[in-house]
Amino acid sequence: MTTEATPATSVLPDYAPLPETARGPALNEQGYYVGRVERNLYFVTDGTYMCAFLTTSDGVVVLDAPPTIGNNIHRAIDEIASANGVSNKVEYLVYSHHHSDHVGAASLFDKNVTRIGHEETRKLLLRDNDPARPPNEETFQDTQTLEIGGDRIDLAFHGPNHSPDNILIHLPDHDTMMLVDICNPGWVPIYRSNLSEDIPGYLEAPENAFAYPWKHFIGGHMGRLGTRDDLALHQQYMSDISDSARNAIDTVDPTPYFVKYGENFWAALKGYLDECAATTAAPVIEKYTGVLAAADVFTEDVSFEVMQSIRLDLGYGAQVHP
Amino acid sequence: MTATVDTATFPDYAPIPRSALGPALNDQGYYVGRVERNLYWITDGTYQSAFLTTSDGVVLLDAPPTIGNNIKRAVDEIASADGVSNKINYLIYSHHHADHVGAASLFDKNVTRIGHEDTRRLLLRDGDPARPPNEETFQDRRTLEIGGERIDLAWHGANHSPDNIIIHLPDHDALMLIDIVNPGWVPVYVSNLTEDIPGYLEAPENALDYPWKHFIGGHVGRLGTRDDVKLHQQYMADIADSARNAIDAVDPRAYYAHYGENKWAAARGHLDETTRLAAEPVIEKYTGVLAGADIFTESTAFWVMESIRLDLGYGSQVHP
Chain A
1 MTTEATPATS
11 VLPDYAPLPE
21 TARGPALNEQ
31 GYYVGRVERN
41 LYFVTDGTYM
51 CAFLTTSDGV
61 VVLDAPPTIG
71 NNIHRAIDEI
81 ASANGVSNKV
91 EYLVYSHHHS
101 DHVGAASLFD
111 KNVTRIGHEE
121 TRKLLLRDND
131 PARPPNEETF
141 QDTQTLEIGG
151 DRIDLAFHGP
161 NHSPDNILIH
171 LPDHDTMMLV
181 DICNPGWVPI
191 YRSNLSEDIP
201 GYLEAPENAF
211 AYPWKHFIGG
221 HMGRLGTRDD
231 LALHQQYMSD
241 ISDSARNAID
251 TVDPTPYFVK
261 YGENFWAALK
271 GYLDECAATT
281 AAPVIEKYTG
291 VLAAADVFTE
301 DVSFEVMQSI
311 RLDLGYGAQV
321 HP
Chain B
323 MTATVDTATF
333 PDYAPIPRSA
343 LGPALNDQGY
353 YVGRVERNLY
363 WITDGTYQSA
373 FLTTSDGVVL
383 LDAPPTIGNN
393 IKRAVDEIAS
403 ADGVSNKINY
413 LIYSHHHADH
423 VGAASLFDKN
433 VTRIGHEDTR
443 RLLLRDGDPA
453 RPPNEETFQD
463 RRTLEIGGER
473 IDLAWHGANH
483 SPDNIIIHLP
493 DHDALMLIDI
503 VNPGWVPVYV
513 SNLTEDIPGY
523 LEAPENALDY
533 PWKHFIGGHV
543 GRLGTRDDVK
553 LHQQYMADIA
563 DSARNAIDAV
573 DPRAYYAHYG
583 ENKWAAARGH
593 LDETTRLAAE
603 PVIEKYTGVL
613 AGADIFTEST
623 AFWVMESIRL
633 DLGYGSQVHP
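Heads up: the sequence lines are chains A and B, in that order.
With the first letter of the first sequence counted as 1, position 265 gets the number 265 in this note's numbering; the numbers rise by one all the way through.
With the first letter of the second sequence counted as 1, position 26 gets the number 348 in this note's numbering; the numbers rise by one all the way through.
Mixed in with the good hints there might be a few duds.
Unchecked claim - Once the Cα atoms are required to be at most 20 Å apart in a straight line, the calculated SDA-like pairs of lysine to any residue come out as:
| # | chain 1 | residue 1 | chain 2 | residue 2 |
| --- | --- | --- | --- | --- |
| 1 | A | K260 | B | L343 |
| 2 | A | K287 | A | Q236 |
| 3 | A | K123 | A | E147 |
| 4 | B | K431 | B | R464 |
| 5 | A | K260 | B | D378 |
| 6 | B | K431 | B | T368 |
| 7 | A | K260 | B | T368 |
| 8 | A | K260 | B | F429 |
| 9 | A | K260 | B | A336 |
In short, the hints are calculated from the structure, not lab data.
Let the sequences and hints guide you as you build the complete structure.
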């Protein structure tokens with residue numbers, strides 16, 4: 001038996017209003033929106049998650065399958081295929097990375113669909129052993145070019161970032177870049193830099209994406225497509241957090257925390273590092289409130305993780321005991 | 323400029339159980355003790371490293387900057403008492419993080435640095451002069467025979483970091499595995515700031531597969547035992563079980579209804595409440611058993627809960 005926890009909504013905190021730039025098109029009655037990216041490339045969103053598909057003469061290529069969109073992926077494809085008089089049969093499924101929230105509807109598609117992704121995605125899906133996410137049989141290591149029904153898709157792995165297996169999906173003939181869980185156009189990253197495992201790789205990812213030619217950005221989250229400006233704004237936000245984190249590491253004094261808590265080192269550590277995160281976040285929240293949605297909700301979480309990476313990966317602020 | 327804080331506003335926490343504490347530090351702020359025979363460990367109360375005195379010089383296992391030059395003092399103290407060489411000829415890296423190997427540059431340029439191939443890759447990426455990349459690498463396993471002593475290195479996959487290894491000293495009944503188990507204490511923040519949670523949860527089992535009595539965890543002021551590793555394993559299993567219950571129990575709809583188009587505010591309300599519910603029974607069970615249970619269990623529960631959702635797909639519902 002489970003008990004439903006119902007929150008007293010009066011105790012939930014208030015946050016700043018959303019900037020207009022956070023919003024995407026209205027959803028239909030079934031709870032999705034499907035729109036053209038360019039030519040035969042389309043995106044589908046439920047307002048929080050996003051995937052994409054390409055209609056080709058060799059059937060449909062689906063790029064990610066978030067479970068929250070689920071069967072609405074089928075509905076969106078049917079709607080477009082029927083309007084354009086092309087096949088609605090999904091023949092290929094490309095995985096951006098292994099996480100359930102982006103590919104957890106993979107098992108909705110025919111067993112004979114060709115699943116393509118990074119070799120590490122296959123390894124992690126074999127480990128996770130989730131029937132909702134059949135491991136991709138087709139793998140690649142660094143780069144792979146797919147030619148499907150006359151359309152070109154370039155896959156590239158530039159190293160771990162959000163996850164150890166997250167790839168770039170570039171559609172050069174559609175002026176489009178798909179890179180999931182790095183930049184949420186119009187919004188800040190959620191929790192610890194979109195729950196990222198490798199922060200140096202996460203910080204470097206926008207630069208890798210910019211090295212390709214494209215106009216349209218598919219980020220995997222929220223209700224609208226992005227642009228190069230959205231990615232540049234995200235990059236600036238993260239860079240401001242990094243700068244501010246260095247400043248916080250230099251200025252926050254750990255001494256009072258260790259004095260107060262004595263032998264309870266973990267209490268002192270928490271007091272000190274939470275204060276570093278708050279000091280890091282304060283000027284960034286001020287700068288980005290009204291610019292990126294939810295800057296007041298998640299900047300402190302992102303700041304904490306970036307600050308820890310600067311300490312542990314880069315060794316910044318490490319003082320060798322004399 | 324230094325920020326000044328009002329210590330009266332600091333929260334109070336449960337007293338530390340005695341089992342959390344290690345031996346007293348000396349005037350220089352360290353303690354050095356024998357693990358077994360010629361294997362020694364050093365602590366400053368928060369960090370640990372270890373060393374082996376051999377006929378081919380000293381082998382140092384990790385070099386935390388907070389211990390820093392006290393590593394040299396500890397080695398000198400033991401070498402002088404035992405009448406053996408104090409020259410550090412080998413340095414083994416457990417993983418690349420600065421807090422465990424950031425004093426590496428204190429040692430002679432000619433020291434032989436050994437670690438996982440991914441440690442080398444990450445240290446080359448980080449470009450930190452305090453942590454010269456290891457020239458000697460291995461992929462899955464490597465046995466070192468130094469001055470008649472045996473050290474087995476093994477990599478079982480990513481856990482705390484992508485490159486974190488097991489250092490087994492079979493002739494000293496000792497196993498060194500850093501940043502997984504803090505004997506007597508809970509992990510700090512998000513499971514000791516871990517990147518790969520499935521690997522982190524599996525790591526104690528990998529360690530318990532080897533024969534050993536003494537556990538060097540890299541943190542806190544005392545050595546550990548097999549019982550410490552098992553207690554940690556139980557704590558993490560309890561968090562994982564409780565996280566599944568919490569994922570099942572919390573209804574996200576109230577948060578999405580309250581926050582409307584501010585989806586991130588709703589996600590925060592929903593997931594923070596799930597975390598709180600996941601942590602609650604675990605905090606109750608482990609307060610007085612593991613130090614810091616009331617401080618960091620919620621943070622660890624959050625990260626475990628996210629891994630259960632994202633890696634394992636638990637609680638995922640496909641839109642009809």
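Each hint, compared with the structure:
1. K260(A) / L343(B): Judged against 20 Å, a Cα distance of about 18 Å means the pair holds.
2. K287(A) / Q236(A): holds (11 Å)
3. K123(A) / E147(A): violated (25 Å)
4. K431(B) / R464(B): violated (23 Å)
5. K260(A) / D378(B): violated (45 Å)
6. K431(B) / T368(B): Measuring from Cα to Cα gives roughly 27 Å; hence the hint is violated.
7. K260(A) / T368(B): holds (16 Å)
8. K260(A) / F429(B): Distance ~35 Å between K260(A) and F429(B) Cα, so the pair is violated.
9. K260(A) / A336(B): holds (14 Å)
Checked against the numbered hints above, the structure breaks hints 3, 4, 5, 6, 8 and satisfies the rest.
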